[in-house]
Amino acid sequence: DAKTTQPTSMDCAEGRAANLPCNHSTISGNEYVYWYRQIHSQGPQYIIHGLKNNETNEMASLIITEDRKSSTLILPHATLRDTAVYYCIVRVEGGAQKLVFGQGTRLTINP
Amino acid sequence: NAGVTQTPKFQVLKTGQSMTLQCAQDMNHEYMSWYRQDPGMGLRLIHYSVGAGITDQGEVPNGYNVSRSTTEDFPLRLLSAAPSQTSVYFCASSYSSTFQVSGNTIYFGEGSWLTVV
Numbered sequence: 198d199a200k201t202t203q204p205t206s207m208d209c210a211e212g213r214a215a216n217l218p219c220n221h222s223t224i225s226g227n228e229y230v231y232w233y234r235q236i237h238s239q240g241p242q243y244i245i246h247g248l249k250n251n252e253t254n255e256m257a258s259l260i261i262t263e264d265r266k267s268s269t270l271i272l273p274h275a276t277l278r279d280t281a282v283y284y285c286i287v288r289v290e291g292g293a294q295k296l297v298f299g300q301g302t303r304l305t306i307n308p
Numbered sequence: 013n014a015g016v017t018q019t020p021k022f023q024v025l026k027t028g029q030s031m032t033l034q035c036a037q038d039m040n041h042e043y044m045s046w047y048r049q050d051p052g053m054g055l056r057l058i059h060y061s062v063g064a065g066i067t068d069q070g071e072v073p074n075g076y077n078v079s080r081s082t083t084e085d086f087p088l089r090l091l092s093a094a095p096s097q098t099s100v101y102f103c104a105s106s107y108s109s110t111f112q113v114s115g116n117t118i119y120f121g122e123g124s125w126l127t128v129v
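Here the protein sequences come in this chain order: A and B.
Under this note's numbering, read the first sequence as residues 198 to 308, first letter to last.
Under this note's numbering, read the second sequence as residues 13 to 129, first letter to last.
Hints are computed from structural coordinates only; laboratory data are not their basis.
Take these hints with a grain of salt, some might be off.
Incomplete in silico selection of chain B near chain A, CB under 10 Å [unchecked claim]:
no.	residue
1	S45
2	G52
3	L55
4	L57
5	Y60
6	E71
7	N74
8	F102
9	C103
10	A104
11	T117
12	I118
13	G121
14	E122
15	G123
16	W125
From the derived model, a few chain A residues whose C-beta atoms are all more than 10 Å from chain B [to be verified]:
no.	residue
17	T202
18	M207
19	T223
20	M256
21	S258
22	T262
23	E263
24	R265
25	I271
26	P273
27	R278
28	T280
If you're wondering where the values come from, they're calculated on a predicted model, not measured in any experiment.
We put the beta carbon where it would ideally sit given N, CA and C, even for glycine.
Generate the whole structure from the sequences, applying the supplied hints.
In structure tokens, the structure reads:
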């Protein structure tokens, strides 16, 4: 699985959109981008995933650049409960079901 | 439907003691795994299982044993605890042992906090 790079920490005001970047410059054509988050030492929680098209669900939006070398997770209206560590993970379909976590981005939502 | 259940939630061990962290899932998931998370770090894979009777090593297997006698249970054993094994342990499960995009989310338990003194 390709390596990902994320900023160590970010801040965002409550009610604003939180944009979390992820660099995955060595991604292969058949690898998907996945996002998980971990709130205060709870078990990680799935957020969203995508291959090359932008994706949106009830939690977030995922924007993947045309060259697929980077992506951005968007929380459209961040709340205090979105304070967490966010992990960007690249996965190849059909590969072993193992998640490799980096250090992630610690997102703090400020009131 | 309880999801992934881990016990105990907190445990303090003395160096050299042994213990077992229990993990059970009621979703008939094929794949189960154990991760550890040290302070300020991401999760690291210890062992995983792709089905009953089949286990394999992850990134950091030393000092840990696992077995998978049933689909539901995947206990993690520390044979002789060391202070370096002080960590938070997470059990996880998913429907399939191979990564499939549709409907194959990995579910995590709430974690077990282990301190070895």
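Hint check:
About 7 Å separates the beta-carbon of B:S45 from the nearest beta-carbon of chain A, less than 10 Å, and the hint is met. For B:G52, the interface hint holds, the least distance from its beta-carbon to any beta-carbon of chain A being 8 Å, beneath 10 Å. Evaluation of the B:L55 hint against chain A yields a held restraint, the C-beta minimum of about 4 Å falling below 10 Å. A least Cβ separation of about 6 Å between B:L57 and chain A falls short of the 10 Å threshold, and the interface hint therefore holds.
Checking B:Y60 against chain A: minimum C-beta separation of about 6 Å stays under 10 Å; hint holds. For B:E71, the suggested interface contact is upheld, since its CB lies about 8 Å from the closest CB of chain A, less than 10 Å. Interface hint status for B:N74: violated, as the beta-carbon distance to the closest one in chain A is roughly 18 Å, over 10 Å. Checking B:F102 against chain A: minimum C-beta separation of about 5 Å stays under 10 Å; hint holds.
Hint status for B:C103 relative to chain A: holds, with the closest Cβ pair at about 8 Å, below 10 Å. Hint on B:A104 holds. Least Cβ distance to chain A is approximately 7 Å, under the 10 Å limit. Of the supplied interface hints, the one on B:T117 holds, with its beta-carbon coming within about 5 Å of a beta-carbon of chain A, less than 10 Å. Satisfaction of the interface hint for B:I118 is found here, the shortest Cβ-Cβ separation to chain A being roughly 6 Å, below the 10 Å cut-off.
Look at B:G121: its Cβ gets to within about 6 Å of chain A, closer than 10 Å, so that hint holds up. Evaluation of the B:E122 hint against chain A yields a held restraint, the C-beta minimum of about 6 Å falling below 10 Å. Given the 10 Å rule on beta carbons, the hint for B:G123 holds: about 6 Å separates it from the nearest Cβ of chain A. For the restraint placing B:W125 at the interface with chain A, the shortest Cβ-Cβ distance is roughly 8 Å, inside the 10 Å limit, so the hint holds.
With a minimum CB-CB distance of about 13 Å to chain B, A:T202 clears the 10 Å threshold, and the non-interface call stands. For A:M207, the condition that its CB be more than 10 Å from all CB atoms of chain B holds, with the nearest at approximately 16 Å. Its beta-carbon lying about 18 Å from the closest one in chain B, A:T223 satisfies the requirement of being farther than 10 Å from that chain. No beta-carbon of chain B comes within 10 Å of the beta-carbon of A:M256; the shortest separation is about 13 Å.
A cut-off of 10 Å between C-beta atoms confirms that A:S258 is not in contact with chain B; the least separation is 18 Å. For A:T262, the requirement that its beta carbon stay farther than 10 Å from each beta carbon of chain B is met, with the minimum near 20 Å. Every CB of chain B lies more than 10 Å from the CB of A:E263, the least distance being 20 Å, so the non-interface label holds. With 10 Å as the threshold on Cβ separation, the claim that A:R265 sits away from chain B holds: the shortest Cβ distance comes to roughly 15 Å.
The beta carbon of A:I271 sits about 20 Å from the closest Cβ of chain B, which is more than 10 Å, so the claim that it is off the interface holds. No beta-carbon of chain B comes within 10 Å of the beta-carbon of A:P273; the shortest separation is about 22 Å. Remark: the non-interface label on A:R278 is consistent with the geometry, its nearest Cβ contact in chain B lying 17 Å away (cut-off 10 Å). At roughly 16 Å from the closest C-beta of chain B, the C-beta of A:T280 stays outside 10 Å, upholding its exclusion from the interface.
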